[in-house]
Amino acid sequence: MRQQLLAGVISVLLLGLAIGVWHLATLPKSGAATVDSEYAKLVGAQAAAGSKSAFPTPVDLGRKLLDHLREPFYDRGPNDKGIGVQLAYSIARVLLGFGLAALVAIPVGFLIGMSPLLYRALDPFIQVLKPISPLAWMPLALFTLKDSNVSAVFVIFVCSIWPMLINTVFGVASVRRDWLNVARTLEVSPVRKALAVILPAAAPTIMTGMRISIGIAWLVIVAAEMLVGGTGIGYFVWNEWNNLSIANILSGILAIGLIGMALDLLFSRLQKAVTYAE
Amino acid sequence: MSFLQVQGLAKRYGDAAIFDRVDFAIEQGEFVCVIGHSGCGKTTILNILAGLDVASAGVVVMDGREVCGPSLERGVVFQGHALMPWLSVMSNVAFGVRSRWPQWNRLQVQLHCQKYIDMVGLTGAEHKKPAQLSGGMKQRVGIARAFAIQPKMLLLDEPFGALDALTRGNIQDELVRICAATRQTVFMITHDVDEALLLADRILLMSTGPGARIAETVGNPLSKPRMRQEIHHDPRYYKVRNHLVDFLVNRSKTYQLEEYRHEARRRRRV
Ligand SMILES: Nc1ncnc2c1ncn2[C@@H]1O[C@H](COP(=O)(O)OP(=O)(O)OP(=O)(O)O)[C@@H](O)[C@H]1O
Ligand SMILES: [Mg+2]
Chain A
1 MRQQLLAGVI SVLLLGLAIG VWHLATLPKS GAATVDSEYA KLVGAQAAAG SKSAFPTPVD
61 LGRKLLDHLR EPFYDRGPND KGIGVQLAYS IARVLLGFGL AALVAIPVGF LIGMSPLLYR
121 ALDPFIQVLK PISPLAWMPL ALFTLKDSNV SAVFVIFVCS IWPMLINTVF GVASVRRDWL
181 NVARTLEVSP VRKALAVILP AAAPTIMTGM RISIGIAWLV IVAAEMLVGG TGIGYFVWNE
241 WNNLSIANIL SGILAIGLIG MALDLLFSRL QKAVTYAE
Chain B
1001 MSFLQVQGLA KRYGDAAIFD RVDFAIEQGE FVCVIGHSGC GKTTILNILA GLDVASAGVV
1061 VMDGREVCGP SLERGVVFQG HALMPWLSVM SNVAFGVRSR WPQWNRLQVQ LHCQKYIDMV
1121 GLTGAEHKKP AQLSGGMKQR VGIARAFAIQ PKMLLLDEPF GALDALTRGN IQDELVRICA
1181 ATRQTVFMIT HDVDEALLLA DRILLMSTGP GARIAETVGN PLSKPRMRQE IHHDPRYYKV
1241 RNHLVDFLVN RSKTYQLEEY RHEARRRRRV
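Chains as they are written, first to last, in our numbering: chain A, 1 to 278; chain B, 1001 to 1270.
Hints should not be assumed to be uniformly reliable.
[Stated by the list, open to error] The calculated DSBU-like cross-link candidates involving lysine-lysine, where the alpha carbons are at most 35 Å apart (straight line), are:
hint : chain 1 : residue 1 : chain 2 : residue 2
1    : B       : 1128      : B       : 1152
2    : A       : 272       : B       : 1128
3    : A       : 193       : B       : 1239
4    : B       : 1224      : B       : 1239
5    : B       : 1152      : B       : 1115
6    : A       : 272       : B       : 1129
7    : B       : 1152      : B       : 1129
8    : B       : 1115      : B       : 1129
9    : B       : 1115      : B       : 1128
10   : B       : 1152      : A       : 193
11   : A       : 272       : A       : 193
12   : B       : 1253      : B       : 1239
13   : A       : 272       : B       : 1115
14   : B       : 1115      : A       : 193
15   : B       : 1128      : A       : 193
16   : A       : 272       : A       : 130
17   : B       : 1152      : B       : 1239
18   : A       : 130       : A       : 193
19   : B       : 1224      : B       : 1253
20   : A       : 146       : A       : 193
21   : B       : 1115      : B       : 1224
[To be verified] Far from chain B, some chain A residues (derived; all Cβ distances over 10 Å):
hint : residue
22   : 21
23   : 54
24   : 62
25   : 73
26   : 96
27   : 107
28   : 125
29   : 139
30   : 150
31   : 211
32   : 272
[To be verified] Here are some chain B residues pointing at chain A (derived, C-beta under 8 Å):
hint : residue
33   : 1070
34   : 1072
35   : 1076
36   : 1085
37   : 1086
38   : 1095
39   : 1129
40   : 1131
Hint data in this document are derived by calculation from the structure and do not stem from the laboratory. The C-beta atom is built at its ideal place from N, Cα and C for all residues, glycine as well.
Whenever a hint applies, use it, and build me the whole structure from the sequences.
Here it is as structure tokens:
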């Protein structure tokens, strides 16, 4: 309990320190610095002259965040949507791709895990496909699916399928022999064995795979949306780079981190719910 | 013809024969214990009887039918209790009961399970998970699960190994009572000579492997009903007990050698 309190205090102090350093680093400098003309053109004369740094101060960011919080869901055309709208697009894509992957990976993983033959036959494919960066599929997806939205979902599907598949296979294959023997001596039907013995026995391992998958999916969606453009938090960040709004970029980054944390927290809860003590 | 017949049973892993030419029979309602050193193949024999393992040679016939797979007719108490840790005590017991009587409704299943949970003295622990139980309590759930399906034959693999003396005594008494009441046929593995003398009608002594055999069959001279508190007052008790202990300490190891000499002598004579 005391340690928890202390840890909290240290966290707050560290945050304060980081903001302090940031504040000092972005203080307006007096006196004209030597200015690179290219740079001046890029960031604007005023910023380049040094009266004000191009990098936002903590207060700038705070103001920006307040703006976003006040009106997260506005939509004024393709290049001007609220951060909430963009996040919703990203979350929807991730959940869709992830959900489809789960629908495929868990049943297929079950079959592979229960059949050593199938395991041997499919293992080479899994070993080759697993290390491919999901973004490498993007051009192929755009070419065959001919739709940037569907392609982004497809990329999420591809990247979330492997950890779930591999963990399901492993979890199902390593169910304790004893439990299967109990099911056998009690003449339990194959379906009941799968649902009442193997599934609960393997559930913690499967859930771990799902947690890894959702984490990877959230990493990949940002990159995927930067590539396909249009909507989503990845596109938002990229678009704000084009607008040179560093404060908006920082807001986007912060939002990505918070949503990622929330997703992980959700799955860690689910994981805890299916874990059993032996 | 006996209720259970085992003929020429052998188990080999590669070239190594764990046991070889094992023959015995069990009558309906008989309680048979097997004693032998660790690793001689007792669990393997029990698994073959259960239909969980296949023999390299030989047959097992129960009730006129060859055993060729697991069945609800043979209830098994496993050496490691093998409870499902995500199920409560009640659900663990009910798991088997539902398979045995699929037509029963929830209440029937629950009442039936409760009877067996009470029997092993776990009343009040119905909703606990195995992780919340002591080793002995877990073992008792395993026993309740096997008894609750009312099998024709019970196969017990050191069911009281993890229990303290008091609990062990209580369940042994309970087992004696149930077996007397239901004329249950039981095949049980134990390391405990006193336990065997209390429970068994007949004791099979296994020699030490590789190539283990049933070296001797000892009928229990103590008459039923046998009471835990009384059996050691019987003058015959120490005689049998010494015979069994002597087997474990000395003869189980030399058996193979003796057998070999016999065989050689026999061959010379022919
Ligand atoms: N898969 C296997 N491959 C090779 N040998 C095996 C295998 N499984 C079991 N054995 C051997 O079979 C022998 C018998 O094992 P088993 O479990 O039946 O012994 P046990 O008599 O029940 O011993 P304990 O009293 O310690 O429970 C052991 O010596 C073991 O090493
Ligand atoms: Mg054993």
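Here is how each hint holds up against the structure:
1. 1128/B <-> 1152/B: Roughly 29 Å separates the two Cα atoms, so the pair holds.
2. 272/A <-> 1128/B: Within the cut-off at roughly 18 Å; holds.
3. 193/A <-> 1239/B: 49 Å, violated
4. 1224/B <-> 1239/B: The hint holds at about 18 Å.
5. 1152/B <-> 1115/B: 19 Å, holds
6. 272/A <-> 1129/B: 16 Å, holds
7. 1152/B <-> 1129/B: Status holds; Cα separation ~29 Å.
8. 1115/B <-> 1129/B: With Cα atoms ~19 Å apart, residue 1115/B and residue 1129/B stay inside 35 Å; holds.
9. 1115/B <-> 1128/B: 17 Å, holds
10. 1152/B <-> 193/A: 23 Å, holds
11. 272/A <-> 193/A: 23 Å, holds
12. 1253/B <-> 1239/B: 21 Å, holds
13. 272/A <-> 1115/B: Holds. Residue 272/A to residue 1115/B sits at ~33 Å (cutoff 35 Å).
14. 1115/B <-> 193/A: 25 Å, holds
15. 1128/B <-> 193/A: 23 Å, holds
16. 272/A <-> 130/A: 27 Å, holds
17. 1152/B <-> 1239/B: Given pair residue 1152/B, residue 1239/B holds - Cα atoms ~33 Å apart, limit 35 Å.
18. 130/A <-> 193/A: 30 Å, holds
19. 1224/B <-> 1253/B: Holds, at about 32 Å.
20. 146/A <-> 193/A: Violated, at roughly 43 Å.
21. 1115/B <-> 1224/B: Holds - the C-alpha atoms of residue 1224/B and residue 1115/B are around 26 Å apart, at most 35 Å.
22. 21: Since the minimum Cβ distance to chain B is about 48 Å, residue 21/A lies beyond 10 Å and the statement holds.
23. 54: 57 Å, holds
24. 62: Consistent with the label, residue 62/A stays out of reach of chain B, its closest Cβ about 48 Å off (over 10 Å).
25. 73: 42 Å, holds
26. 96: Non-interface label on residue 96/A holds, nearest chain B Cβ at 30 Å vs cutoff 10 Å.
27. 107: Correct as stated: the minimum Cβ-Cβ distance to chain B is 21 Å, above 10 Å.
28. 125: Given that every Cβ of chain B is farther than 10 Å from that of residue 125/A, nearest at about 32 Å, it holds.
29. 139: Given a closest Cβ separation of 45 Å, the condition holds.
30. 150: Consistent with the label, residue 150/A stays out of reach of chain B, its closest Cβ about 39 Å off (over 10 Å).
31. 211: 19 Å, holds
32. 272: 13 Å, holds
33. 1070: Hint holds; residue 1070/B Cβ to chain A Cβ min 4 Å, cut 8 Å.
34. 1072: Since chain A brings a Cβ to about 5 Å from residue 1072/B, closer than 8 Å, the hint holds.
35. 1076: 5 Å, holds
36. 1085: 4 Å, holds
37. 1086: 4 Å, holds
38. 1095: 7 Å, holds
39. 1129: Residue 1129/B check passes; min Cβ-Cβ to chain A is 7 Å, inside 8 Å.
40. 1131: 4 Å, holds
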